Amino acid sequence: MPVGVTALFRAFLDLAEGRRDEVERRIDAAAAVLAQSGDARIAVRLLRVRVPAPAAGLEVGDAGFALDGGDWQDLARFASCRRMFGALVAARRERPGDALDLDALFAAGWPGERISPDSLRNRVHVNLARLRSLGLKQVLVRTEAGYLLDPAIALRA
Numbered sequence: 050m051p052v053g054v055t056a057l058f059r060a061f062l063d064l065a066e067g068r069r070d071e072v073e074r075r076i077d078a079a080a081a082v083l084a085q086s087g088d089a090r091i092a093v094r095l096l097r098v099r100v101p102a103p104a105a106g107l108e109v110g111d112a113g114f115a116l117d118g119g120d121w122q123d124l125a126r127f128a129s130c131r132r133m134f135g136a137l138v139a140a141r142r143e144r145p146g147d148a149l150d151l152d153a154l155f156a157a158g159w160p161g162e163r164i165s166p167d168s169l170r171n172r173v174h175v176n177l178a179r180l181r182s183l184g185l186k187q188v189l190v191r192t193e194a195g196y197l198l199d200p201a202i203a204l205r206a
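To convert a position in the sequence shown, counted from 1, into this note's numbering, add 49.
Be a bit skeptical, because a hint or two may be false.
Label pairs and their in silico Cβ distance ranges [to be verified]:
#1 59 / 84: 15 to 21 Å
#2 147 / 51: 46 to 52 Å
#3 62 / 181: 37 to 43 Å
#4 84 / 128: 38 to 44 Å
For lysine to any residue, the following SDA-like pairs were computed, each having C-alpha atoms within a straight-line distance of at most 20 Å [what the hints assert, rightly or not]:
#5 186 / 112
#6 186 / 129
#7 186 / 145
#8 186 / 199
#9 186 / 203
#10 186 / 197
#11 186 / 171
#12 186 / 139
#13 186 / 146
#14 186 / 138
#15 186 / 150
#16 186 / 136
#17 186 / 174
#18 186 / 121
#19 186 / 202
#20 186 / 117
#21 186 / 107
#22 186 / 172
#23 186 / 116
Source of the hints: derived by calculation from the structure; they are not laboratory data.
None of these values were measured; they are calculated from a predicted model.
Every residue, glycine too, gets a C-beta built ideally from N, C-alpha and C.
Whenever a hint applies, use it, and build me the whole structure from the sequences.
Next comes the structure, spelled out in structure tokens:
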């Protein structure tokens with residue numbers, strides 16, 4: 050463990066010499082040490098002040114997505130969910146930071162359909178829960194205005 054902690058502390062020298070990619074490599078390599086050493090956890094917190102963690106990335110396709118190179122989540126079976134996700138992606142690309150309200154999400158998921166406000170809310174929330182369970186929990190943000198994909202995340206087509 051002392052060797053692992055010492056290797057992690059070397060990241061401070063890398064940072065001083067401007068080698069940010071080396072800092073990230075050392076933090077990644079210290080994963081086992083972090084579970085056992087408070088000193089290592091403090092060092093990583095201090096390093097993250099100067100070198101933030103890389104932004105998460107979301108790969109988007111016509112019928113699904115993958116977060117950070119994870120498993121592909123296919124939305125082909127869930128047509129309304131796929132359309133809602135498409136609307137969230139389009140809003141993120143066109144107006145990062147602007148949320149879609151429940152009415153806009155419903156209109157995207159069930160175009161042309163009219164139902165009671167309670168049913169509308171329920172349907173949209175069921176699809177949002179599905180998206181979260183498929184891996185978008187950290188990326189799907191709720192605001193007072195509605196829902197959006199985190200503007201800090203990188204979208205890749």
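Each hint tested on the structure:
1. 59 / 84: 15 to 21 Å: holds (19 Å)
2. 147 / 51: 46 to 52 Å: This hint holds: roughly 50 Å between Cβ atoms.
3. 62 / 181: 37 to 43 Å: Given a distance of about 41 Å, which is inside 37 to 43 Å, the answer is holds.
4. 84 / 128: 38 to 44 Å: Between residue 84 and residue 128, where Cβ atoms are some 43 Å apart, the hint holds.
5. 186 / 112: holds (18 Å)
6. 186 / 129: Answer holds: residue 186 to residue 129 is near 18 Å, not above 20 Å.
7. 186 / 145: Answer holds: residue 186 to residue 145 is near 18 Å, not above 20 Å.
8. 186 / 199: holds (11 Å)
9. 186 / 203: Holds, at about 16 Å.
10. 186 / 197: holds (12 Å)
11. 186 / 171: It holds: about 18 Å lies between the C-alpha atoms, which stays within 20 Å.
12. 186 / 139: holds (19 Å)
13. 186 / 146: holds (17 Å)
14. 186 / 138: holds (15 Å)
15. 186 / 150: Holds. Residue 186 to residue 150 sits at ~18 Å (cutoff 20 Å).
16. 186 / 136: Holds - the C-alpha atoms of residue 136 and residue 186 are around 17 Å apart, at most 20 Å.
17. 186 / 174: holds (13 Å)
18. 186 / 121: holds (15 Å)
19. 186 / 202: holds (13 Å)
20. 186 / 117: Cα-Cα ~13 Å, so holds.
21. 186 / 107: holds (12 Å)
22. 186 / 172: Status holds; Cα separation ~18 Å.
23. 186 / 116: Cα-Cα ~11 Å, so holds.
Violation of the numbered hints given earlier is absent; every hint is satisfied by the structure.
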